[in-house]
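*Asks:* As a plain string of letters, each chain reads:
2 protein chains.
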Amino acid sequence: MEGLLFVVSGPSGAGKGTICGEVVRRTEVELSVSATTRSPRKGEVHGKDYFFMTEEEFLEIVRKDGFVEYVENFGKHYGTPEAFVREKLKSGRDLILEIDVQGAAKIRRKFPQCVQIFILPPSLEELKRRILNRGTESPESVALRLKQAMDEVECLETYDYFIVNDQVEQAVEAMISIISAQHNKVGNRAEEIIRTFKEA
Amino acid sequence: MEGLLFVVSGPSGAGKGTICGEVVRRTEVELSVSATTRSPRKGEVHGKDYFFMTEEEFLEIVRKDGFVEYVENFGKHYGTPEAFVREKLKSGRDLILEIDVQGAAKIRRKFPQCVQIFILPPSLEELKRRILNRGTESPESVALRLKQAMDEVECLETYDYFIVNDQVEQAVEAMISIISAQHNKVGNRAEEIIRTFKEA
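These protein sequence lines are chains Y and H, in that order.
Numbers 12 to 211, taken from our numbering, label the letters of the first sequence in order.
Numbers 12 to 211, taken from our numbering, label the letters of the second sequence in order.
Since the hints were derived computationally from the structure, they do not count as laboratory data.
Wrong hints could be hidden among the right ones.
Just so you know, same-sequence chains aren't split out, so a pair can sit in one copy or run between any two.
Claimed, not checked - Calculated lysine-lysine pairs in the DSS-like style (CA-CA distance at most 25 Å, straight line): (1) Lys196 with Lys75; (2) Lys99 with Lys158; (3) Lys209 with Lys158; (4) Lys59 with Lys196; (5) Lys121 with Lys196; (6) Lys87 with Lys139; (7) Lys209 with Lys139; (8) Lys75 with Lys121; (9) Lys209 with Lys87; (10) Lys196 with Lys117; (11) Lys117 with Lys87; (12) Lys53 with Lys121; (13) Lys117 with Lys99.
Start from the sequences, fold in the hints, and give me the full structure.
*Replies:* Rendered as structure tokens:
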């Protein structure tokens with residue numbers, strides 16, 4: 012059976028990275044690897060953290076329509092290579108793709124069977140507290156992040172599942188349950204399941 | 012939030028009872044209690060195993076259209092009292108309702124939001140082995156059960172989820188994951204979730 016594609020979004024500060032990392036550690040699910048033109052940071056591994064490539068290589072893939080979605084950020088490109096995702100799924104591997112709300116919509120168009128999960132903090136108040144606790148953001152930047160968070164949360168209804176990240180452990184378990192349950196959906200598999208039952 | 016209604020079907024010998032019993036033991040989910048006109052067996056408790064009632068009491072509820080579904084078996088009546096189910100769900104409790112394929116269809120009509128789970132043995136061969144192992148069935152009765160099993164399995168596509176009961180422990184975990192995931196569905200709750208996020 013083909014693997015399943017899980018698309019995970021949520022405002023910065025919701026804890027997506029922590030939750031997805033823990034899910035990957037505890038299960039056989041893998042994180043999707045993006046391509047980027049930015050330089051590797053210390054410890055980052057090509058093919059694991061990112062596919063690092065030159066501007067020319069990146070634009071060549073863009074020309075061939077090889078990215079499910081791509082964006083530019085501070086002059087650097089980031090993209091989700093369609094071939095990588097399709098091959099992983101074909102090999103039977105589940106994939107998690109962390110991406111913002113705009114990216115998620117693009118992925119749904121190319122992978123209509125994907126399962127979309129939205130992670131949100133327990134409250135706007137708590138999100139504010141988490142962002143302030145980092146101590147690295149200017150007041151303007153905090154205000155901007157909260158505004159962005161509100162905009163993202165307004166897109167919740169286009170998602171299949173939501174997880175309120177109050178306690179990380181519970182949020183991780185919720186996500187593992189969602190992934191597990193997805194493998195038990197009948198969907199359009201009834202005929203295949205009945206055949207296996209009769210012939211096994 | 013209202014509780015969720017899980018309808019569980021599957022051929023005799025699939026292990027529905029064992030799985031549901033274990034799920035109820037490990038979670039807060041409750042089993043729905045049916046009404047019946049048959050006599051209590053030793054150890055059976057009114058209101059827990061069944062609502063035991065007289066023929067007159069049962070038919071009075073039928074007249075008032077108070078059963079989601081009811082059947083007659085060997086001259087005794089069995090029914091699912093609608094008021095019981097609605098009150099449990101209203102109180103926020105999840106309910107499991109074990110029922111055959113015909114009953115499940117009736118329940119879906121009265122509770123369109125219910126989640127239907129089909130439990131099946133790993134194979135027809137294994138089902139045959141399980142039924143023969145009981146040692147209580149005549150050859151004709153074994154053949155009839157297998158025929159019934161095939162008929163039931165053919166209804167799989169009307170179910171939301173399937174669980175192959177190969178190892179009981181895995182089947183129990185699969186069912187708990189399905190129940191858990193169901194609580195994280197966005198469905199028509201987006202507005203409520205966003206409101207909670209903003210105002211909490």
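*Asks:* All hints are to be evaluated individually against the structure, with a verdict given for each.
*Replies:* A quick look at each hint next to the structure:
1. In this assembly of identical chains, Lys196 and Lys75 lie within 25 Å of each other by CA distance neither inside one copy nor across copies; the values are 35 Å within and 36 Å between.
2. When the C-alpha separation of Lys99 and Lys158 is checked against a cutoff of 25 Å, the pair qualifies neither within a copy, at 35 Å, nor between copies, at 40 Å.
3. For the homomeric pair Lys209 and Lys158, the shortest alpha-carbon distance between copies (12 Å) is at most 25 Å, but the shortest distance inside one copy (55 Å) is not.
4. Within a single copy, Lys59 and Lys196 get their C-alpha atoms no closer than 30 Å, and across copies no closer than 31 Å, so neither meets the 25 Å cut-off.
5. In this assembly of identical chains, Lys121 and Lys196 lie within 25 Å of each other by CA distance both inside one copy and across copies; the values are 21 Å within and 22 Å between.
6. For a Cα distance limit of 25 Å, the shortest separation of Lys87 from Lys139 qualifies neither inside one copy, at 28 Å, nor across copies, at 62 Å.
7. Taking the shortest alpha-carbon separations for Lys209 and Lys139, only the inter-copy value of 11 Å comes in at or below 25 Å, while the best intra-copy value is 56 Å.
8. Proximity of Lys75 to Lys121 under the C-alpha cut-off of 25 Å is restricted to the intra-copy arrangement: shortest distance 15 Å within a copy versus 52 Å between copies.
9. In this homomeric assembly, Lys209 and Lys87 never come within 25 Å of each other (Cα to Cα): the closest approach is 54 Å inside a single copy and 34 Å across copies.
10. In the homo-oligomer, the alpha carbons of Lys196 and Lys117 lie at most 25 Å apart both inside one protomer (24 Å) and across protomers (21 Å), since each shortest distance falls under that limit.
11. For the homomeric pair Lys117 and Lys87, the shortest alpha-carbon distance inside one copy (20 Å) is at most 25 Å, but the shortest distance between copies (57 Å) is not.
12. Proximity of Lys53 and Lys121 under a CA criterion of 25 Å is satisfied in neither setting, with 33 Å inside one chain copy and 60 Å between copies.
13. When the C-alpha separation of Lys117 and Lys99 is checked against a cutoff of 25 Å, the pair qualifies only within one copy, where the shortest distance is 19 Å, while the shortest distance between copies is 41 Å.
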